[in-house]
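K.L.:
Sequence:
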Amino acid sequence: LFVCVEAEVPDASTLTLKSTNVHDAQLWKDDCVEIHLDPGTTGLHFFQIIVNWKGTVYDAYGEDDNKGAGTFSMRPEWDARAETAVRIADGLWTTELKIPFASLRLAPGAKAAWGVNVARARFSPKPEFSTWSPLDPTRGFGQPTRYRRMELASFDPAPFWWSCLPPAVQSTWSETQTVCRVEAVLINETGRERQADVVLDFAGERRVARETFAPDAKRKVAFDVPVQKMGRHRLRLRLTDAGDPAATRFDWQVEAEVDDQPLKLELLEPAYRDCLFASQKTPRIEARLHCDPALVGRPIAIRLQGEGVQTEPKTFAAAAARQDFAFPMEDHPDGTYEMVVEMPGVKPLVRQIRKLPPLEGEAWLDARGNLHVDGKPFFPFGWYMGPLDREPGMNVVLRYGVPDTNYLDKARVGGKKVIATPYPFTSDLFKHTKMQGTLTDAQAAEITTVVEAARSHPALLAYYLVDEPDSEASG
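No gaps in the numbering here: position 197 of the sequence shown is 197 in this note's numbering, and each next residue is one more.
In case anyone wonders, no lab produced these hints; they're calculated from the structure. Just to be clear, a hint being listed does not mean it is correct.
To be verified - In silico lysine-lysine, BS3-like type, Cα no more than 27 Å apart, as pairs: (1) K281 / K355; (2) K431 / K18; (3) K355 / K314; (4) K111 / K218; (5) K111 / K54; (6) K264 / K314; (7) K347 / K29; (8) K376 / K347; (9) K111 / K126; (10) K18 / K54; (11) K126 / K18; (12) K229 / K347; (13) K111 / K67; (14) K376 / K410; (15) K264 / K355; (16) K126 / K54; (17) K98 / K29; (18) K220 / K281; (19) K126 / K29; (20) K54 / K29; (21) K229 / K281; (22) K98 / K111; (23) K54 / K431.
Claimed, not checked - Have a look at the derived ranges for each label pair, beta carbon to beta carbon: (24) G91 / E193: 45 to 55 Å; (25) N406 / R232: 40 to 50 Å; (26) A444 / G231: 35 to 45 Å; (27) G393 / T138: 45 to 55 Å; (28) Q310 / T176: 48 to 58 Å; (29) K376 / V296: 37 to 47 Å; (30) T282 / Q310: 13 to 23 Å; (31) Q170 / P377: 52 to 62 Å.
Note that the Cβ used here is the ideal one computed from N, Cα and C, for glycine as well.
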């Protein structure tokens with residue numbers, strides 16, 4: 001799909017650049033154009049592609065959030081893989097985009113018409129937002145039911161009618177290497193038999209398999225990929241015409257975690273932050289060990305150590321796939337402990353657990369996710385940025401930053417708990433224009449100062465880390 005947008009710009013020196021100008025940065029703060037696409041005019045989803053005047057792209061997939069309010073959850077992990085070209089000359093800013101149909105998840109049987117919108121943001125001499133479609137000006141550009149209708153002439157969407165169940169990634173452990181089995185179920189909805197190449201890019205490796213797909217049928221494909229580096233990897237699964245790698249018909253991307261530790265330790269009690277809080281009055285640690293199938297039947301030993309304590313190991317002559325065990329904690333002093341799991345031929349698994357001294361105002365979650373404060377169930381019910389003497393029936397106030405410890409002292413006297421960002425929201429260091437993927441040294445120092453001053457105060461309930469998470473991909 002090729003798109004060309006021409007925007008008038010009498011004076012190119014007024015073009016604004018406030019973002020960090022990298023892929024998926026906050027390009028909407030720059031002078032930019034936006035393309036919104038709703039293939040099939042569903043009104044339930046749309047694709048958003050922003051291009052700033054430097055040619056940098058932000059792309060996201062918006063899904064209806066099922067609130068019945070016409071609002072959408074945006075998923076910036078979607079990648080349009082769009083190519084762009086920008087030219088600024090003769091009073092015009094021209095942007096061209098080449099968008100692969102394979103990235104747009106075309107649905108079989110969808111209406112021929114597409115919902116399409118083109119929008120622009122400019123900031124000099126004053127902020128101005130314009131849109132080709134007649135949108136509600138109070139609700140932003142994410143309004144697919146209001147996008148103009150357009151049909152693509154001489155376009156056959158059928159070759160792109162593929163779908164995929166989320167790929168499954170399973171690590172298989174051995175003493176020599178870690179191998180990941182990647183399995184995906186592809187569904188041919190194109191209406192006829194297709195021969196295609198399935199291309200997997202994962203952990204620096206590429207695998208290709210030629211498969212024949214019957215019409216309207218599912219087919220599982222599987223790849224074994226040796227992985228050298230543990231951690232998160234981008235998994236990309238593409239489907240191309242057989243023998244023609246340029247003819248991509250389907251393109252799926254997802255993040256996957258790879259871990260070479262074949263033993264997994266699940267703490268059942270305590271269930272929150274690997275800490276035994278004093279008000280929990282929990283007499284013991286309860287845990288469950290999960291073993292890779294290749295290790296079932298091997299001997300295993302588990303011990304708890306720390307603060308001068310060395311417990312008698314729990315030993316099992318033949319480990320099961322799931323092994324439950326417990327260690328008493330009532331008579332052990334407060335402090336930091338290590339739970340160590342040892343099995344011949346496997347690197348030890350170590351998990352740190354802390355037994356905490358009493359602390360007024362301590363908050364923790366039980367195994368069901370229920371919040372407790374000082375050992376009692378607590379249901380937070382409050383307001384945003386309101387005065388501390390507001391309605392007495394409320395017990396929490398949410399703030400952007402903690403002005404000083406005097407504020408927390410007043411909250412404590414008034415019987416209120418505070419949820420706050422761990423930095424001054426109005427600080428110049430944390431303006432939107434200075435936000436990026438990682439903290440600067442100055443930002444980290446500012447957060448450290450706030451946390452050290454407030455972390456043990458009885459009035460502090462929690463830190464507010466994500467603003468309006470319902471609008472983010474990983475809320």
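K.L.:
Against this structure, judge whether each hint is valid.
P.N.:
Status of the hints after comparison with the structure:
1. With a C-alpha separation of about 11 Å, the suggested pairing of K281 with K355 holds against the 27 Å cut-off.
2. For the proposed pair K431 and K18, the alpha carbon gap of about 11 Å is at most 27 Å, so the pair holds.
3. Simply put, K355 and K314 have alpha-carbon atoms about 20 Å apart, close enough for the 27 Å limit, and the pair holds.
4. Using a Cα cut-off of 27 Å, the hinted pair K111 and K218 holds, with the two alpha carbons roughly 24 Å apart.
5. Annotation: proposed proximity of K111 to K54 is violated, straight-line Cα distance about 35 Å (limit 27 Å).
6. With a C-alpha separation of about 16 Å, the suggested pair K264 and K314 falls inside the 27 Å cut-off, and the hint holds.
7. Distance hint between K347 and K29 is unfulfilled; the C-alpha atoms sit about 48 Å from each other, more than 27 Å.
8. Using a Cα cut-off of 27 Å, the hinted pair K376 and K347 is violated, with the two alpha carbons roughly 40 Å apart.
9. About 40 Å separates the Cα atoms of K111 and K126, which puts this hinted pair outside 27 Å; it is violated.
10. For the suggested pair K18 and K54, the alpha carbons sit about 12 Å apart, so the restraint of at most 27 Å is met.
11. For a cut-off of 27 Å, the pair hint linking K126 to K18 stands: about 15 Å separates their Cα positions.
12. Between the alpha carbons of K229 and K347 the distance comes to roughly 16 Å, so the proposed pair stays at or under 27 Å and holds.
13. In summary, the hint linking K111 to K67 is supported, as the alpha carbons are separated by about 25 Å, within the 27 Å threshold.
14. A threshold of 27 Å between alpha carbons decides the hint, and for K376 with K410 the separation of about 22 Å falls inside it, so the pair holds.
15. The suggested pairing of K264 with K355 holds, with an alpha-carbon distance near 21 Å, which does not exceed 27 Å.
16. A distance of roughly 20 Å separates the Cα atoms of K126 and K54; the hinted pair therefore holds under the 27 Å criterion.
17. Our distance criterion of 27 Å between C-alpha atoms is met by K98 and K29, whose separation comes to about 23 Å.
18. Between K220 and K281 the alpha-carbon distance is near 50 Å, which puts this suggested pair outside the 27 Å criterion.
19. The straight-line distance between the Cα atoms of K126 and K29 is roughly 13 Å, inside the 27 Å bound, and the hint therefore holds.
20. A C-alpha spacing of about 13 Å is found between K54 and K29, which places the hinted pair at or below 27 Å, so the restraint holds.
21. This hinted pair does not check out: K229 and K281 have alpha carbons roughly 41 Å apart, beyond 27 Å.
22. Restraint check for K98 and K111: satisfied, since their Cα atoms lie roughly 22 Å apart, inside the 27 Å limit.
23. Our distance criterion of 27 Å between C-alpha atoms is met by K54 and K431, whose separation comes to about 22 Å.
24. Between G91 and E193 the C-beta distance comes to about 53 Å, which sits within the given range of 45 to 55 Å.
25. Taken as a hint, the range 40 to 50 Å holds for the pair N406 and R232, whose Cβ atoms sit roughly 42 Å apart.
26. A hinted range of 35 to 45 Å is violated for the C-beta pair A444 and G231, which are about 22 Å apart.
27. For G393 and T138, the Cβ-Cβ distance of about 32 Å falls outside the hinted range of 45 to 55 Å, so the restraint is violated.
28. Checked against the hint of 48 to 58 Å, the C-beta distance between Q310 and T176 comes to roughly 34 Å, which is inconsistent with it.
29. A C-beta distance of roughly 42 Å is found between K376 and V296, which places it inside the suggested range of 37 to 47 Å.
30. T282 and Q310 have their C-beta atoms about 21 Å apart, which keeps the hinted 13 to 23 Å range intact.
31. With their beta carbons about 39 Å apart, Q170 and P377 fall outside the hinted range of 52 to 62 Å.
The structure shown violates the earlier hints numbered 5, 7, 8, 9, 18, 21, 26, 27, 28, 31.
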